[in-house]
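A.B. asks: Sequence:
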Amino acid sequence: MIESSRHKQERRSRRDAAGSSSKKLQQQLPHSHLPLLQQEQQPPPAAQQAARKSLKKQNKDSSRDEITHFSWQPGMWLSDRYRVLAKLGDGTFGRVLRCADVRLQTQVAIKVVRDVSRYTAAAQIEADILREVNRKDRRRESRCVSLLDAFMHHQKHMCLVFECLGKSLYDVLAENKYRGFYMEDIVQVAKQGLTALAFMRDCKLAHTDLKPENILLQGEEMYETRPPRPSEEDDNSVPYLRPDSMQVKIIDFGSATFEDDYHSSLINTRQYRAPEVILDIGWDMASDMWSLGCILMELYTGDVLFRTHEHLEHLAMMERIVEPFPVEMLQKAQRGAGKGYLATDSRGSVRLKWPEGAASQGSLDRVKNCVPLESLVLPQDRLLADFVRFILQINPKKRPEPEEALRHPIFSVPKWGR
1 MIESSRHKQE RRSRRDAAGS SSKKLQQQLP HSHLPLLQQE QQPPPAAQQA
51 ARKSLKKQNK DSSRDEITHF SWQPGMWLSD RYRVLAKLGD GTFGRVLRCA
101 DVRLQTQVAI KVVRDVSRYT AAAQIEADIL REVNRKDRRR ESRCVSLLDA
151 FMHHQKHMCL VFECLGKSLY DVLAENKYRG FYMEDIVQVA KQGLTALAFM
201 RDCKLAHTDL KPENILLQGE EMYETRPPRP SEEDDNSVPY LRPDSMQVKI
251 IDFGSATFED DYHSSLINTR QYRAPEVILD IGWDMASDMW SLGCILMELY
301 TGDVLFRTHE HLEHLAMMER IVEPFPVEML QKAQRGAGKG YLATDSRGSV
351 RLKWPEGAAS QGSLDRVKNC VPLESLVLPQ DRLLADFVRF ILQINPKKRP
401 EPEEALRHPI FSVPKWGR
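At position 204 of the sequence shown (counting the first as 1) the number is 204 in our numbering, and the numbers step up by one without a gap.
Hint data in this document are derived by calculation from the structure and do not stem from the laboratory. This list has only true hints and no planted wrong ones.
Cβ pair distances, simulated, as ranges: (1) Asp171 to Ser349: 41 to 49 Å; (2) Ser360 to Ala100: 47 to 55 Å; (3) Pro409 to Pro355: 32 to 40 Å; (4) Ala100 to Leu266: 38 to 46 Å; (5) Ser237 to Gly75: 34 to 42 Å; (6) Lys87 to Pro230: 35 to 43 Å; (7) Tyr262 to His309: 25 to 33 Å; (8) Gly219 to Lys177: 17 to 25 Å; (9) Pro239 to Glu213: 19 to 27 Å.
No farther apart than 30 Å at their CA atoms in a straight line, the calculated lysine-lysine pairs in the DSBU-like style are these: (10) Lys249 to Lys397; (11) Lys136 to Lys398; (12) Lys415 to Lys167; (13) Lys415 to Lys177; (14) Lys167 to Lys249; (15) Lys177 to Lys167; (16) Lys397 to Lys353; (17) Lys177 to Lys368; (18) Lys398 to Lys332; (19) Lys191 to Lys167; (20) Lys353 to Lys398; (21) Lys339 to Lys397; (22) Lys353 to Lys339; (23) Lys332 to Lys397; (24) Lys204 to Lys398; (25) Lys167 to Lys156; (26) Lys167 to Lys136; (27) Lys191 to Lys249; (28) Lys397 to Lys136; (29) Lys204 to Lys191; (30) Lys191 to Lys177; (31) Lys397 to Lys204; (32) Lys249 to Lys136.
By construction, the Cβ of each residue, glycine as well, lies at the ideal position given by its N, Cα and C atoms.
With these hints in hand, go ahead and build the complete structure from the sequences.
C.D. replies: In structure tokens:
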């Protein structure tokens, strides 16, 4: 799907407009069913980059704001179309409410954004991205969430209306005491995740924040069964609930970035962050493939693949679990911000500054306790480790594109044992 020059121009113009103040945005937008950001003038490239960079920095600092959410009550109305039923959850940017769409006689999920200028601007950008995604996904096969509507509530709160989905994969993990998913279910998530990444690649779009919290089940039905794998930590008093359907959708495009837009130096939630991002040597859509690999192993083991909160330790874990860093990546990192994680040996070869750079003995122990991917799965499930190793390649240039990954033998297994 090649984006026309006209659509590029319109999108860039809308992004530049999204960086303006909340007051200006509210003056431009009607009370409901707004056509978002319709300015047609193309900003100078430098101005567009500066606006995007400024907004990214503001969003990064958003945690400093006191969290105050939209006040709601059952039965209240958002515009003249949506009646509030219940609260689905809260986040930094806003509150999600389950609502009845009285026009279409269905239920929807509405993200009501906090009345903060930078959050309003970020919501404008997310809506803009999703409109572009939905425009290209005419057959609704992308596995990306559908934006149904967008409007301003009382000229204060930006509202994004989405299809109503079920629990996140993280919620299912947590409710099942982190006992993992069935292999058959993991493979379904892998296939749909790759389908979504293939679609986004055609759109020249990187999601940049893939994680179990941002992959939602389409259905809500669950049934009780035995856990997928034996565990010494099994609590038989807690039932294992398996989703009746593993159809999923990718959500939260608030940090998504088009190929020709400004790229923040730091993306992703840490545990799903690709090595090229940590080394600050530039990233592209291949970073999403790394995140997907991390997610799949977490769905199997019930635990994050890289349990760390420090950059150098994270890189050292990657070498223990996946493979050594290619010399060319480290040499490139030497020329930038990543040089602090590197050292040169007696022969002049560049390597990770490990173990001498470890922050503590605890950090050394955590890395030492890491094992290769193959050791994390049961013998009968080695094909999963083989697949994850295929997509978790340290060098982003060697990671397969989604279409190639979909040809892996793991997707040809007729039936997985329980």
